[in-house]
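*Asks:* Per the working numbering, numbering through the sequence shown is continuous, rising by one, with the last residue being 167.
Hint data in this document are derived by calculation from the structure and do not stem from the laboratory. Some clues are possibly wrong.
[As the list claims (entries may be wrong)] Derived Cβ-Cβ restraints for the label pairs, each shown as a range:
#1 Gly164 <-> Leu112: 13 to 23 Å
#2 Ile110 <-> Cys144: 11 to 21 Å
#3 Glu142 <-> Asn162: 25 to 35 Å
[As the list claims (entries may be wrong)] Restricting the straight-line Cα-Cα distance to at most 25 Å, the calculated cross-link-like pairs of lysine-lysine (BS3-like) are:
#4 Lys120 <-> Lys138
#5 Lys138 <-> Lys156
#6 Lys119 <-> Lys156
All values reported here derive from a predicted model rather than from experimental measurement. Ideal Cβ placement from N, Cα and C applies to all residues, glycine included.
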Amino acid sequence: MSEEFKIELFCRNCKKKIGVEYNDINIDYDCFAVKKVCEHCDHKIDWWLNQEKMMYLINMGVKD
Numbered sequence: 104m105s106e107e108f109k110i111e112l113f114c115r116n117c118k119k120k121i122g123v124e125y126n127d128i129n130i131d132y133d134c135f136a137v138k139k140v141c142e143h144c145d146h147k148i149d150w151w152l153n154q155e156k157m158m159y160l161i162n163m164g165v166k167d
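Could you put together the complete structure from these sequences and hints?
*Replies:* As C-alpha cells, this is what we get:
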C-alpha cells in the first residue's frame, strides 16, 4: 500500500488552499500539528488533530 499521507488546509480568512509540505507537520506521540502563515493573506494558521479527534473521524467513515 503506497498511499501518500496528505493534509489539505484552507485559510479561514481568505478561504484559499494552503500548501502543506511534510516538513510543516509536527508529529507528536498523540497529535499532528501544523503552524503556518497563509501565503495569500499572511493569516496565522495553527491547526492540530489529536488522537481523540482522529478516532472520531475514522469511526465516522466506517460502514457496518
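*Asks:* All hints are to be evaluated individually against the structure, with a verdict given for each.
*Replies:* Going down the list of hints, with the structure as the test:
| no. | hint | result |
| --- | --- | --- |
| 1 | Gly164 <-> Leu112: 13 to 23 Å | holds (19 Å) |
| 2 | Ile110 <-> Cys144: 11 to 21 Å | holds (19 Å) |
| 3 | Glu142 <-> Asn162: 25 to 35 Å | holds (34 Å) |
| 4 | Lys120 <-> Lys138 | holds (14 Å) |
| 5 | Lys138 <-> Lys156 | holds (18 Å) |
| 6 | Lys119 <-> Lys156 | holds (24 Å) |
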